[in-house]
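A.B. asks: Sequence:
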Amino acid sequence: MYNLIISMAISLVVSFVLNQVIGLDAWIAVAVSVAVFALCYYLISRYIMKQIGELMEGAQRDVQANRAEKAVKALEDGFKFSNWQFMVKSQINSQIGTILYLKRDFAAAFPYLEKSFVRNWIAMGMLGVCYMKKNKTNKMVETFDKAVSASKKESLLWALYAYCMERSGDRGKAISVLERAQKKGCSDEGISSNLALLKEGKKMKMKFYGDLWFQFHLEKPGAMIKKQTKAMTGRRKMVRR
Numbered sequence: 001m002y003n004l005i006i007s008m009a010i011s012l013v014v015s016f017v018l019n020q021v022i023g024l025d026a027w028i029a030v031a032v033s034v035a036v037f038a039l040c041y042y043l044i045s046r047y048i049m050k051q052i053g054e055l056m057e058g059a060q061r062d063v064q065a066n067r068a069e070k071a072v073k074a075l076e077d078g079f080k081f082s083n084w085q086f087m088v089k090s091q092i093n094s095q096i097g098t099i100l101y102l103k104r105d106f107a108a109a110f111p112y113l114e115k116s117f118v119r120n121w122i123a124m125g126m127l128g129v130c131y132m133k134k135n136k137t138n139k140m141v142e143t144f145d146k147a148v149s150a151s152k153k154e155s156l157l158w159a160l161y162a163y164c165m166e167r168s169g170d171r172g173k174a175i176s177v178l179e180r181a182q183k184k185g186c187s188d189e190g191i192s193s194n195l196a197l198l199k200e201g202k203k204m205k206m207k208f209y210g211d212l213w214f215q216f217h218l219e220k221p222g223a224m225i226k227k228q229t230k231a232m233t234g235r236r237k238m239v240r241r
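Numbering-wise (my numbering), the sequence shown opens with residue 1 and increments by one.
There may be inaccurate statements among the hints.
Within a straight-line C-alpha distance of at most 30 angstroms, the following computed BS3-like cross-link-like pairs (lysine-lysine) qualify [what the hints assert, rightly or not]: (1) K152 with K70; (2) K133 with K152; (3) K153 with K173; (4) K115 with K152; (5) K173 with K184; (6) K146 with K205; (7) K103 with K89; (8) K133 with K153; (9) K73 with K50; (10) K220 with K173; (11) K184 with K202; (12) K183 with K139; (13) K73 with K146; (14) K207 with K139; (15) K152 with K134; (16) K50 with K153; (17) K205 with K220; (18) K203 with K146; (19) K220 with K134.
Now the in silico label distances, taken between C-beta atoms and shown as ranges [to be verified]: (20) A65 with P111: 20 to 30 angstroms; (21) S193 with M8: 48 to 58 angstroms; (22) I5 with D188: 19 to 29 angstroms; (23) L43 with P111: 27 to 37 angstroms; (24) T137 with L4: 30 to 40 angstroms; (25) D188 with A65: 25 to 35 angstroms; (26) K115 with E219: 25 to 35 angstroms; (27) P111 with G23: 54 to 64 angstroms; (28) D211 with D145: 20 to 30 angstroms; (29) V118 with E54: 19 to 29 angstroms; (30) G210 with A31: 45 to 55 angstroms; (31) L24 with K183: 48 to 58 angstroms.
Keep in mind the hints are simulated off the structure, nothing from the lab.
By construction, the Cβ of each residue, glycine as well, lies at the ideal position given by its N, Cα and C atoms.
Take these sequences, add in the hints, and give me the full structure.
C.D. replies: Okay, here's the thing in structure tokens:
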């Protein structure tokens, strides 16, 4: 990474000048050079991340204005910073993959999602869904395990993991996933209610998560409304009887 190399080079030059040219004690030269390294690294990192932040904000505005292609192109321009700062490339890949996935261009999104930043749990969740749809259960499990390890407190991520396991035909694994979530301290209504449903042999209900759930394109808002209407109609019939 250029940032690391430049900062180290400057600190070495400072150490050499202080010790060999000015004649200061070695330990003083080393202490000052370490401080110079930290300062240089911080300043360069701050500049790079500011540039990336501006790119992300611009891309977000484009997405909100239904200009997804423009947003993707702008983010791709950010790859020029990937050699300057650690994890920049994976963060950009996460954003591009998420944008393409949201517009249902799953084939185009997949290669970007594969190179996602592990702490971007939404991108990792989308990648897990892609593997499920490709019937690559082992890769799906591997992806979700990495994601929940990095984002232990994200209830929707745990629920999505369990949902995909249940869709893949492994209800027992889905139950164990939600039990793991509870052990990790993630135990809200979405986790507890779905765990109870699975144990009763019923399908999971994701309405607790609202719009966040629909971004994974596993269920349409209209379909959920129809289910709720059907349930309400059933209750009315029971009351009339």
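A.B. asks: Taking the hints in turn, state whether each one holds.
C.D. replies: Hints and how they fare:
no.: 1; hint: K152 with K70; verdict: 33 angstroms, violated
no.: 2; hint: K133 with K152; verdict: 24 angstroms, holds
no.: 3; hint: K153 with K173; verdict: 19 angstroms, holds
no.: 4; hint: K115 with K152; verdict: 20 angstroms, holds
no.: 5; hint: K173 with K184; verdict: 16 angstroms, holds
no.: 6; hint: K146 with K205; verdict: 24 angstroms, holds
no.: 7; hint: K103 with K89; verdict: 22 angstroms, holds
no.: 8; hint: K133 with K153; verdict: 25 angstroms, holds
no.: 9; hint: K73 with K50; verdict: 18 angstroms, holds
no.: 10; hint: K220 with K173; verdict: 25 angstroms, holds
no.: 11; hint: K184 with K202; verdict: 24 angstroms, holds
no.: 12; hint: K183 with K139; verdict: 24 angstroms, holds
no.: 13; hint: K73 with K146; verdict: 28 angstroms, holds
no.: 14; hint: K207 with K139; verdict: 27 angstroms, holds
no.: 15; hint: K152 with K134; verdict: 26 angstroms, holds
no.: 16; hint: K50 with K153; verdict: 28 angstroms, holds
no.: 17; hint: K205 with K220; verdict: 13 angstroms, holds
no.: 18; hint: K203 with K146; verdict: 25 angstroms, holds
no.: 19; hint: K220 with K134; verdict: 20 angstroms, holds
no.: 20; hint: A65 with P111: 20 to 30 angstroms; verdict: 25 angstroms, holds
no.: 21; hint: S193 with M8: 48 to 58 angstroms; verdict: 53 angstroms, holds
no.: 22; hint: I5 with D188: 19 to 29 angstroms; verdict: 45 angstroms, violated
no.: 23; hint: L43 with P111: 27 to 37 angstroms; verdict: 34 angstroms, holds
no.: 24; hint: T137 with L4: 30 to 40 angstroms; verdict: 39 angstroms, holds
no.: 25; hint: D188 with A65: 25 to 35 angstroms; verdict: 34 angstroms, holds
no.: 26; hint: K115 with E219: 25 to 35 angstroms; verdict: 27 angstroms, holds
no.: 27; hint: P111 with G23: 54 to 64 angstroms; verdict: 56 angstroms, holds
no.: 28; hint: D211 with D145: 20 to 30 angstroms; verdict: 26 angstroms, holds
no.: 29; hint: V118 with E54: 19 to 29 angstroms; verdict: 24 angstroms, holds
no.: 30; hint: G210 with A31: 45 to 55 angstroms; verdict: 54 angstroms, holds
no.: 31; hint: L24 with K183: 48 to 58 angstroms; verdict: 55 angstroms, holds
Going through the hint list in order, the structure does not satisfy hints 1 and 22.
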